[in-house]
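K.L.:
Below, each chain spelled out in residue letters.
There are 2 protein chains.
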Amino acid sequence: MIAEPAAPSWYRCHVFCCTNERPAGHPQGSCAKRGGKRLRDYMKARAKELGLGDVRINSSGCLDRCEHGPTMVIYPQGVWYHYESREDVEEILSRHLIGGEVVERLLLPKRDGEGAAAGVSVPTA
Amino acid sequence: MIAEPAAPSWYRCHVFCCTNERPAGHPQGSCAKRGGKRLRDYMKARAKELGLGDVRINSSGCLDRCEHGPTMVIYPQGVWYHYESREDVEEILSRHLIGGEVVERLLLPKRDGEGAAAGVSVPTA
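If you read the protein sequences in the order shown, they are chains A and B.
So for the first sequence, this note's numbering puts the first residue at 1; every next one is plus one.
So for the second sequence, this note's numbering puts the first residue at 126; every next one is plus one.
Simulated from the structure, these hints should not be mistaken for laboratory data.
This one's a predicted model, so the numbers in the text were calculated from it and none came from an experiment.
Where hints are given, some of them may not hold.
Below, a list of computed lysine-lysine pairs in the BS3-like style, where the Cα atoms sit at most 30 Å apart [claimed, not checked]:
(1) B/LYS235 - A/LYS44
(2) A/LYS33 - A/LYS48
(3) B/LYS158 - A/LYS44
(4) B/LYS158 - A/LYS48
(5) A/LYS44 - A/LYS110
(6) B/LYS162 - A/LYS37
(7) A/LYS33 - B/LYS158
(8) B/LYS169 - A/LYS33
Computed footprint of chain A on chain B, listed as stretches where at least three residues anywhere in the stretch have a Cβ under 8 Å from a Cβ of chain A [claimed, not checked]:
(9) 134–148
(10) 182–192
Non-contacting residues of chain B with respect to chain A, defined by C-beta distances greater than 12 Å in every case (computed) [as the list claims (entries may be wrong)]:
(11) ARG159
(12) LEU175
(13) GLU209
(14) SER219
(15) VAL228
(16) ARG230
Even glycine gets a Cβ: it sits at the ideal position worked out from N, Cα and C.
Bound conformation, chain A alone:
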């Protein structure tokens, strides 16, 4: 059975940006080396500027979807994104975190039967 929170969670949107860093030359690469850390810092600063007080932008260890890095996941919606520029981050901020919609073009591939983002509803401020 899947979780169905009955009411708002502690954070309306809780963002985890992978900032894992592997040694140079590692075959999987790492989100940090692809800009994950820099873009997470940018996203955190922008969320603050925009006054998104019910949103938290966290860094995290390896989310284990390295082939799509840099990656982030936003809970409780369980929506996974790839992003590689400030423009991508701005679109996630404006459309997902503020507008309450999923940014389809940045979604990571889903497993068969996986819920997000099909049918997910994103809460708005």
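Put chain B on the given structure of chain A with help from the hints.
P.N.:
Chain B only, in chain A's frame:
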């Protein structure tokens, strides 16, 4: 509106353990100094031993609930715990991650109207 995933998320349970470390003497303290990093390593190793392949144990930056540290949050259920011993971690593993129930005695305080853990249903393997 709250997210209601229509089907299982990428990870059945995605655990984020705060491993933030502040300078010595900081008034808020930090989860790392209270055992968060050590216990996160223990939890990760135990989840592997137990064969919990659909669960991910991650470290994260500051979850901003320092007064209750060490803290963790488990998504997509949005359940927050305080833990300070291997016994606490074992109970979260066996009861929440395997058994699909909330460990009430370790829950963090909720805001008025917050959903988890009231009415939350935890998926089982």
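K.L.:
Closer than 8 Å, Cβ to Cβ, for at least three residues: run that test on the stretch 134–148 of chain B against chain A and report holds or violated.
P.N.:
Since 4 is at least three, the answer is holds.
K.L.:
Is the Cβ of B/SER219 farther than 12 Å from every Cβ of chain A?
P.N.:
holds, 18 Å
K.L.:
Taken at face value, is the distance from the CA of A/LYS44 to the CA of B/LYS158 at most 30 Å?
P.N.:
Holds: B/LYS158 and A/LYS44 sit about 24 Å apart, inside 30 Å.
K.L.:
Run the C-beta distances from B/ARG159 to all of chain A and say if the shortest one exceeds 12 Å.
P.N.:
holds, 18 Å
K.L.:
Between B/LYS169 and A/LYS33, does the CA-CA distance stay at or below 30 Å?
P.N.:
At roughly 24 Å apart (the allowed maximum being 30 Å), A/LYS33 and B/LYS169 satisfy the hint.
K.L.:
Taking the shortest Cβ-to-Cβ distance between B/VAL228 and chain A, state whether it exceeds 12 Å.
P.N.:
holds, 15 Å
K.L.:
Need the status of pair A/LYS33, B/LYS158: alpha-carbon distance at most 30 Å?
P.N.:
Roughly 28 Å between the alpha carbons, so the hint for A/LYS33 and B/LYS158 holds.
K.L.:
Are the Cα positions of A/LYS44 and A/LYS110 separated by 30 Å at most?
P.N.:
Holds, because 26 Å separates the two Cα atoms, which is no more than 30 Å.
K.L.:
Given the hinted pair A/LYS33 and A/LYS48, is their Cα-Cα distance within 30 Å?
P.N.:
holds, 24 Å
K.L.:
For B/LYS235 and A/LYS44, compute the direct alpha-carbon distance and say whether it is at most 30 Å.
P.N.:
Cα-Cα ~24 Å, so holds.
K.L.:
Just checking, B/GLU209 versus chain A, shortest CB gap more than 12 Å?
P.N.:
holds, 20 Å
K.L.:
Are there three or more residues in the stretch 182–192 of chain B whose C-beta lies within less than 8 Å of some C-beta in chain A?
P.N.:
With 8 residues closer than 8 Å to chain A, the stretch 182–192 of chain B meets the three-residue bar; holds.
Every hint from the earlier list agrees with this structure, and none is contradicted.
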